Amino acid sequence: MTVPAVQFLNIGMRFGSLAALTNINLSIDEGAYVVLLGPSGGGKTTLLNILGGFLQPTLGQVKIYGNDVTDIPAAKRPTATVFQDYALFPHMNVASNVAFGLKMRKLPARERRERVDRMLDMVGLGHADDLKVHQLSGGQRQRIALARSLVVKPGVLLLDEPLGALDMKLRRQMQGELKEIQARVGTTFVHVTHDQEEAMAIADTIVVMNNGSIEDVGIPERVYLKPGSRFTANFMGENNIIKGRVSKSAGDRVAVETGHATLQVAGTAAVDDRVFVSIRPEHLHVNPGEGRISLAEGRVIDSGFLGTHRQCTVWVESVEESFKIRLTQTQILAPGDTVSLYVDPVDAVLLTD
Amino acid sequence: MKALRNVSAALYVMLLYGFIFLPVLVLITFSFQESRLPVPPFDGPSFKWYQAILHDRRLMEALSNSVVVALLSSAASVVLGFLAAFSLARFTLPGSRFLQGLLTAPLTVSYLIIAMGLLITFNEFGVPKSLLAIGIGHVVINMPLCFAILYSQMGEHQHNVERAARDLGAGEWQVIFLISVPMLWPALFASFFLSITFSWDEFIIAFMVSKFDVTLPVEIWSMLRSGLNPKTNAVGSLVFLVSFVLVLFLELIVFRKSRS
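These protein sequence lines are chains A and B, in that order.
Residues in the first sequence are numbered from 1 upward in steps of one, following the numbering used here.
Residues in the second sequence are numbered from 1001 upward in steps of one, following the numbering used here.
Isolated chain A (complex conformation):
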């Protein structure tokens, strides 16, 4: 049994009367790319600052590779941080920026030079060592910040919204590069973001945080397809959340009466429990098919073409609820059209909280 790279044990954090984190327990495996995902104010940056040693938790313990680091300052922790505003040293050139951590560790000049060169080559800026920080573009600054942190070979690399300041296209490109670099160096990465697409694109494990607690932990597919809580179901992409009541419960399957239809879904709940069922827009269909059951009938009130697909909103009069559905590019529905909605119960997710 190997020791986890990071362990949070019962972490609690208060700022005055405000509880920023409550009872956080999380274990991160060595070499994993973990993304802390959540809305702003959810506590993810606070948790990252506690791991980096910039904040002292009010309660609990932080362990890195089994060693208790709760009382150890940032300078002495085996962590390095890539800051949101990059926090590069504006009065130094690129090479001195990257060499700073090695200088603090008193590495001989020759070895320092070699490691800096190798790191600059890895982030694709081998030719830029003489440039000043203000001569670099946003994407280049991001890479230098990454190189400056990675060159000291940290046990855990922390990234605080590292792509937040970049435009969409560059951001998607940098996601790929981050993932690639992480695979190459094998360091454990802990990355904070509020962008769920970014999280799904790069994470091995997504940790969904809200209101200072962990809502869900899992691989991206699981967190997206079988969200563990109503918050996660809503936060990760678009979703339809339907209220229902459990009418039958047998083993790990329950029947949920939703007012439109009775859905047989996986999960456990007691008869008569008030529950929710989530169905992704792409899992709602306008024609019957293998395994699909009829869910409801409604009227299209809104329709838009989004490039890869069409998105419609369907108003179901009988229950006074609207559903978002996703159609292919060639399925054309206009506002006012009447449609029947079908779903394969396998795609429906039971949410009990």
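There may be inaccurate statements among the hints.
[To be verified] Below, in silico cross-link-like pairs of lysine to aspartate or glutamate (EDC-like), each with a Cα-Cα straight-line distance of 16 Å or less:
1) LYS153(A) / ASP117(A)
2) LYS243(A) / GLU321(A)
3) LYS76(A) / GLU1172(B)
4) LYS103(A) / GLU1034(B)
[Said to hold, decoys possible] Here are the simulated distance ranges between beta carbons:
5) ALA19(A) / HIS1159(B): 21 to 29 Å
6) ASP121(A) / PHE1177(B): 27 to 35 Å
7) ASN23(A) / GLU1156(B): 26 to 34 Å
8) ARG113(A) / LEU1072(B): 35 to 43 Å
9) ALA19(A) / LEU1099(B): 24 to 32 Å
These aren't lab readings, by the way, just hints derived from the structure by calculation.
All of these numbers come straight from a predicted model, not from anything done at the bench.
Glycine included, C-beta positions come from ideal geometry on N, C-alpha and C.
Please build the complex by placing chain B on the supplied structure of chain A, with the hints as guidance.
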């Protein structure tokens, strides 16, 4: 109509600058006077009064005293101001807003009141009237200014950069000398040169807490007591020239740099 507006605007600007600079122009012009009285008509130009001040031993002594006091008191003001600004900007201290107010308060007190306070205090503690006393007085008036300038430059971004240095293993002294000071150098230079300018022509404090060794403004004052002559004009022009060069230097080197 438009022409009239332009003419009146130009006239207004000329009057404004004339109001500010005419006395200085008159001072400089009559420092080149040939005869013994610095009043019209102008009968120069002559450099004999400049020659006279260069051979005036007391005046030259006062000049070098002024330079020493200005350099040392400004250096002390910048160091103390930096340390105060750094601690108040980076750490949450009990009553830090109160401390901040207390530090900048001397900016609002007149030099006369400060001079009287210093005189009484020095008397009480047996500090003799001396150049050292003048220097301490100039730190009292300049340190709040240095603090205010430096504090305003220690923003959140710089804080983050310092955190990054700490994160990479830098100790507190290394953070200060390798990161904070180099990042702040335009502000440090600006506060240093402003302090020199203020110390250079400060009169009231220097007059009240000095006795035998005096600074240049005090020496000029005692020269003026024996009436106007072109020699005082020449010294005045020299003082003005030094202040002017300092401000020009500040403008060209420091502020230009910090804007780019």
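Against the structure, the hints:
no.	hint	in the structure
1	LYS153(A) / ASP117(A)	holds (14 Å)
2	LYS243(A) / GLU321(A)	holds (10 Å)
3	LYS76(A) / GLU1172(B)	holds (12 Å)
4	LYS103(A) / GLU1034(B)	violated (66 Å)
5	ALA19(A) / HIS1159(B): 21 to 29 Å	holds (25 Å)
6	ASP121(A) / PHE1177(B): 27 to 35 Å	holds (31 Å)
7	ASN23(A) / GLU1156(B): 26 to 34 Å	holds (30 Å)
8	ARG113(A) / LEU1072(B): 35 to 43 Å	holds (42 Å)
9	ALA19(A) / LEU1099(B): 24 to 32 Å	holds (30 Å)
Of the numbered hints given earlier, the model fails hint 4 alone.
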